[in-house]
Amino acid sequence: MSVPILEVRGLKVSRGGVPVLDISELTVQAGEFLSLIGPNGTGKSTLLLGLAGLVKRNAGEIRFHGRAITNGSDMLEYRRHLAMVFQEPLLFDATVYDNVASGLKIRGMRRSHIRPLVEEHLELFGVAHLSSRSARKISGGEAQRTSLARAFATNPELVLLDEPFVSLDPPTREAIIDDLGRVMQTRRTTVVMATHDRMDALRMSNRIAFMEGGGIVQVGPPSEVMHQPVNQTVAAFVGIETMLEGEVRDSSAGVLVVDINGRSIAAAGSFTPGERVMCLVRPEHVMIFPAGSSTESSARNRFTGTVRSVQSFGLIHRLEIDCGFLLIAHVTSLAMEDLHLKQGMTVNAAFKATSVHVIRSSHS
Amino acid sequence: MKMRNLSLVWILALCLAALVAGSPAEAAQKNLILATTTSTQDTGLLDVLIPIFEKKTGYFVKTIAVGSGQAMAMGSKGEADVLLVHSSAAEKKFMAEGNGVSRKLVMHNDFIIVGPRADPAGIRGMKSAAEAMKQIADKGAVFTSRGDNSGTHAKEKDLWKASGLNPEGQKYYQQTGLGMGQTLNVSAEKKTYTLTDRGTYLALKKNLGLDILVEGDAILLNVYHVIDVNPAKFPKVNAPAGKAFADFMVSKEAQAIITTFGVDKYGSPLFFPDAGKPEYE
Amino acid sequence: MELIIEGIRKAIWLLFTLDPEVLGITWLSLKVSGTATFISLFIGISLGTVVALTRFPGRRLVVSLINTGMGVPPVVVGLFVTIFLWRNGPLGLFELLYTPTAIIIAQAVIATPIVAGISLASIQKLPEALRLQILALGATRAQMIWMLIKEARLPLLAAVMAGFGGVISEVGASIMVGGNIKGYTRVLTTATVMETGKGNFDIAIALGVILLIFTFCINAILTGIQQRERPR
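Residue numbers (numbering that gives the first Met the number 0), protein chains in the order written: chain A, 0 to 363; chain B, 0 to 280; chain C, 0 to 231.
Hints are supplied without guarantee of correctness; some may be wrong.
Listed next, the in silico DSS-like pairs over lysine-lysine satisfying Cα-Cα at most 25 Å (straight line) [what the hints assert, rightly or not]:
(1) C:LYS30 <-> A:LYS136
(2) B:LYS29 <-> B:LYS251
(3) C:LYS9 <-> B:LYS264
Derived list of chain B stretches under chain C, where covered just means 3 residues or more per stretch with a C-beta under 8 Å from a C-beta of chain C [unchecked claim]:
(4) 61-75
(5) 176-189
(6) 201-207
No lab work stands behind these hints, which were simulated from the structure alone. All values reported here derive from a predicted model rather than from experimental measurement. By construction, the Cβ of each residue, glycine as well, lies at the ideal position given by its N, Cα and C atoms.
Hey, can you work out the whole structure from these sequences and the hints?
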């Protein structure tokens, strides 16, 4: 593998004496899209500012193409290889054109060279028709497009996005994400994006880093973070609702048997009997059958239970099923109708052993 | 590019400011600071005399019109080169302290007591100014004082002393702290009595509605002297210029102008030339 | 009433016939107050920006000093400038008292805290993240400061206007340090005071009308700025 575009080691930042960021190690490969996710206030924005050299480092090292960036003159040089887009568009009180041109002007580029670049990027982000308008008189979506155009106009190697879509309405944000995706595909720009929206992270990223308490607790491809969270916080954040604590009974034959309130759950994993563990099941991995049906399923885990509550999320319904422990399942509207599911009904619930992700219990 | 243009404007503006700031200092030796009373400026006499003096000598006169008291205070700190004042007692003290080189008699006019036409205190035609002041107080009328240590204010204090009254804090006594012209305006507006030099009164008469009620008492004589400030005591004083101005004020040319000044406008002269005459006391 | 009408008539006459003395006084007022404003702009904006963008011990004190300076009575400034410029004062060597330069100095001292205070407030009012955004665009520190000043240009223009309006209509300090010398340091305000003292109400009114026109224009521009300024 070639030299990573960005390497961070031992980065520590504190604010008012309180440590807010502590990144032992993070590597970003050229051309990848890395999302930083996690609840608000866990240091995502601070990490981005740290990567841009915009907060005072208490300790640590940032390497760009293998070269360490100090706080001296190479910091400016480094910053001119990157671009950053914030939650607010932060446009200047000037025309849209001048805003997009500002990064190039800062680099002292000649006006004749600036023009084609600005026009290209106005076009790319769909704001060419606003070129001569004041940046103060355009909509929020148009402003964020302008901000993105400004960031990409300098052809940065690395783009840092700090919750750039959070204050946009859904159609606008979809359209902008589409445009951004297209630009990045042609440019192969490296992106690090902070977001607290796991869906955005899932569909845009090559890798996801989950942040908690100023540090990174898990980095990996989206499916890994989604399905194999390392702890309960990550699990909750990525949408796992069923978390059952129990004790490993048996680990022979490559299958774990975990005792939960006297009931056994089969799962995959390598733990030794007697260990306290947590079984995590994604709600969309739980299948529901009518009670007493003989439908054979390959699922190892089968339980009979009562529907405690039904909650509608439009196309998806969330069921709470009491089968000695509380199991959460997501069922489509179609399945709801087919099965005539109602509160109080007795149903069979099933999920595969491979759908159960087992982690060490935080209480042990 | 735009940035560079703007910073250029910035620098140009600074240079301009420095230029404006720097230019007058070069001509320092040519400057003469004349500290004088408001009456000489308010009557317009200096507007006539100074251009002639400047043309003749090439000096640039900075006329600072304040009260006689403040003018002498400036002189006694060496902050003025020459004084044109009318406050005899203070002038003598000024000379006695060695602040001046010479004190020359320039001109006189007289003080008058003016008041509303209706004359509620009934002082019209009284021969003694001091008694008139006492009557104003006794009749419960109001006297407006300049209260600014000017020559006029000094004279007024003399009159109160002669009348045996101490007006400070009394109901019949109001102080403006302003120049003669403005004090006359106040007095006219409030229909009170005041002491003024004749020159300023004549110059402002048209708008006032105040009548001359008491005049001609010997104590009301208003004498102007020119004093050049002593360079031996204050080395920064422009002594040649001060002396030139003092000499000019008692010259035939200036004295002739003083004789006729105001006749065309007010029908009578505002000042009477006195150069070379013996002192009044 | 007659007097006022007569005064206004005379005022219009003086204005329309371009009376050389009135013109001279007006021009001097503009020159002196304009220069003073320029100087205060340079010092005030620099000071305001530095204080707005840096954290240092004693910063609070500087901020309160600036705020106090915004309200110092001009005559107090006049008094201190006079004392400094006296022949025998600390700066007496330059022989500046009773010169237009002295008025410029006094007026600059009056206007600088006003400009600094408004600059400080308007730079501070810019979103904190804007600084980071500018740096992230690859700006040097100097470029960042310049861009922030440009961003705050409307309130800064207001600062200029407030400073200029403050000094051109100021009389106390101008008369103390300038001496109201005819054709040299006589500005609109000091001339108005003197002409009133002399009972020449017509000229006083004429000068007053000119001052009024200036202050009206300044306020019109200020209002225009405030109308254009929109919430971010």
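Now for the hints, and whether the structure bears them out:
no.: 1; hint: C:LYS30 <-> A:LYS136; verdict: violated (38 Å)
no.: 2; hint: B:LYS29 <-> B:LYS251; verdict: holds (24 Å)
no.: 3; hint: C:LYS9 <-> B:LYS264; verdict: holds (19 Å)
no.: 4; hint: 61-75; verdict: holds (count 4)
no.: 5; hint: 176-189; verdict: holds (count 7)
no.: 6; hint: 201-207; verdict: holds (count 5)
Hint compliance for this structure: hint 1 alone is broken.
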